[in-house]
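On the provided structure of chain A, position chain B as indicated by the hints.
As you go down the protein sequences, you meet chains A and B in turn.
Position one of the first sequence corresponds to residue 1 (the working numbering), numbered consecutively onward.
Position one of the second sequence corresponds to residue 1001 (the working numbering), numbered consecutively onward.
No lab work stands behind these hints, which were simulated from the structure alone.
Errors might be hidden in some of the hints.
[As the list claims (entries may be wrong)] Here are the computed distance ranges between Cβ atoms for each label pair: (1) A:Arg-144 x B:Ala-1003: 29 to 39 Å; (2) B:Arg-1044 x A:Gly-14: 52 to 62 Å; (3) B:Asp-1043 x A:Leu-25: 50 to 60 Å; (4) A:His-123 x B:Gly-1039: 23 to 33 Å; (5) B:Ala-1111 x A:Arg-82: 28 to 38 Å; (6) A:Gly-161 x B:Leu-1061: 25 to 35 Å; (7) A:Ala-91 x B:Ala-1111: 29 to 39 Å; (8) B:Ala-1106 x A:Leu-25: 47 to 57 Å; (9) B:Arg-1021 x A:Pro-126: 47 to 57 Å; (10) B:Ser-1048 x A:Arg-113: 25 to 35 Å; (11) B:Trp-1073 x A:Ser-116: 18 to 28 Å.
[Unchecked claim] Derived, one-sided and incomplete: chain B residues facing chain A with beta-carbon distance under 10 Å: (12) Val-1047; (13) Pro-1070; (14) Arg-1101; (15) Ala-1104.
As the structure is a prediction and not an experimental result, all values here were calculated from the model.
All C-beta atoms in this analysis are idealised placements derived from N, C-alpha and C, irrespective of residue type, glycine included.
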Amino acid sequence: MYSLVCLVHFVADGGRDVASALAGLGAAVAPTLPGVFNGGDLIAHFDFADEDSYRDMLPAIDGVLHGPGVARSDCAFYRHGRHAAAEPALASGVYRVLLLSVDRPVGAEVLHRFESEMVRMPHYIPAIRNWRLSRVIEARGERRWTHVWEQEYASLDGLMGPYMLHPYHWARIDRWFDPECPDWMIDTRLCHSFCTFGRGVLGAQGGGSEA
Amino acid sequence: MSADTTIYVIDEIVALPGRGREVLDAYRERYAPGAEARGMTLDRILVSPPMWLDDDTNTILITWTLKGAPNWWAMSFRSRNDPAVADWWAEVDEMIVRRSRHFATAEADMAEITNV
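Okay, chain A solo, but in the shape it has when bound (with noise of 0.2 Å):
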């Protein structure tokens, strides 16, 4: 399976018929919540069978992504990375997306460590319910996304509580992210974005884990 998101932020007074518009192409949309850093206007969210599928849509999506009311977006198509949902069924949670950029020269093996250290949250942050990582094969907008980290939680309260008050984010995986850690390799400006879509879009690729 393969998915496009989009951060889609709009003009002033505008973006009234943007969600219509990308729901209407088998988005799932949504406003996003007060607190996101970069995180746009809106949420746009489309699952695809295989890559052609996402070619064949692209010319009707970016229509809409390049028309009236938007002032820009950004956006990352990805092929599923590793996952798991704890809770496939879980309808009414906040969904949070993280879109990063690994920009400066790392090796394989560090690139490994680093998505082996995010994959490892979820089982020290029971918060986060569902989860996807996946690497970026496509990208647009403000840098050059590498990587999408996806988390759905039963509630805001766990992404502002445990997700970021946890030790294992910021005194463990945030060295990645931090100009003053020698680790550091991720471009300080990042997307972080989350809304309540009132349904799930990481329960449906099954309960188990493939982390």
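Frame of chain A, contents of chain B only:
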């Protein structure tokens, strides 16, 4: 989790042979004021061995404190949004063999800090 839990930020720096004093002086003059402005409090500076070596490496351990993970994030957001901080560490890399940064609490506070 208590917002009062003391978090330690520990820089371990191994200076190039004969440059230990220079590294620490630069750290004090050019890094420490900004770190304090970002909310960290200097706890202690340790030098090993406790004499400046002319022809070998000194290891310098610098420990900062702050209270609670929210303040840790506030400090970190300020530093990563200030390009001068990354520039400083790039300059330091010219004077050192290696360095590391650790984030820690007292063992007695581990249960508290993980209770989120």
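Results of checking the hints against the structure:
1. A:Arg-144 x B:Ala-1003: 29 to 39 Å: 38 Å, holds
2. B:Arg-1044 x A:Gly-14: 52 to 62 Å: With a Cβ separation near 55 Å, Arg-1044 of chain B and Gly-14 of chain A satisfy 52 to 62 Å, so the hint holds.
3. B:Asp-1043 x A:Leu-25: 50 to 60 Å: 56 Å, holds
4. A:His-123 x B:Gly-1039: 23 to 33 Å: 30 Å, holds
5. B:Ala-1111 x A:Arg-82: 28 to 38 Å: 30 Å, holds
6. A:Gly-161 x B:Leu-1061: 25 to 35 Å: 32 Å, holds
7. A:Ala-91 x B:Ala-1111: 29 to 39 Å: 34 Å, holds
8. B:Ala-1106 x A:Leu-25: 47 to 57 Å: Cβ of Ala-1106 of chain B to Cβ of Leu-25 of chain A: about 54 Å, so the range 47 to 57 Å holds.
9. B:Arg-1021 x A:Pro-126: 47 to 57 Å: 48 Å, holds
10. B:Ser-1048 x A:Arg-113: 25 to 35 Å: 29 Å, holds
11. B:Trp-1073 x A:Ser-116: 18 to 28 Å: 24 Å, holds
12. Val-1047: 20 Å, violated
13. Pro-1070: 7 Å, holds
14. Arg-1101: 5 Å, holds
15. Ala-1104: 7 Å, holds
Violation of the numbered hints given earlier is confined to hint 12; every other hint is satisfied by the structure.
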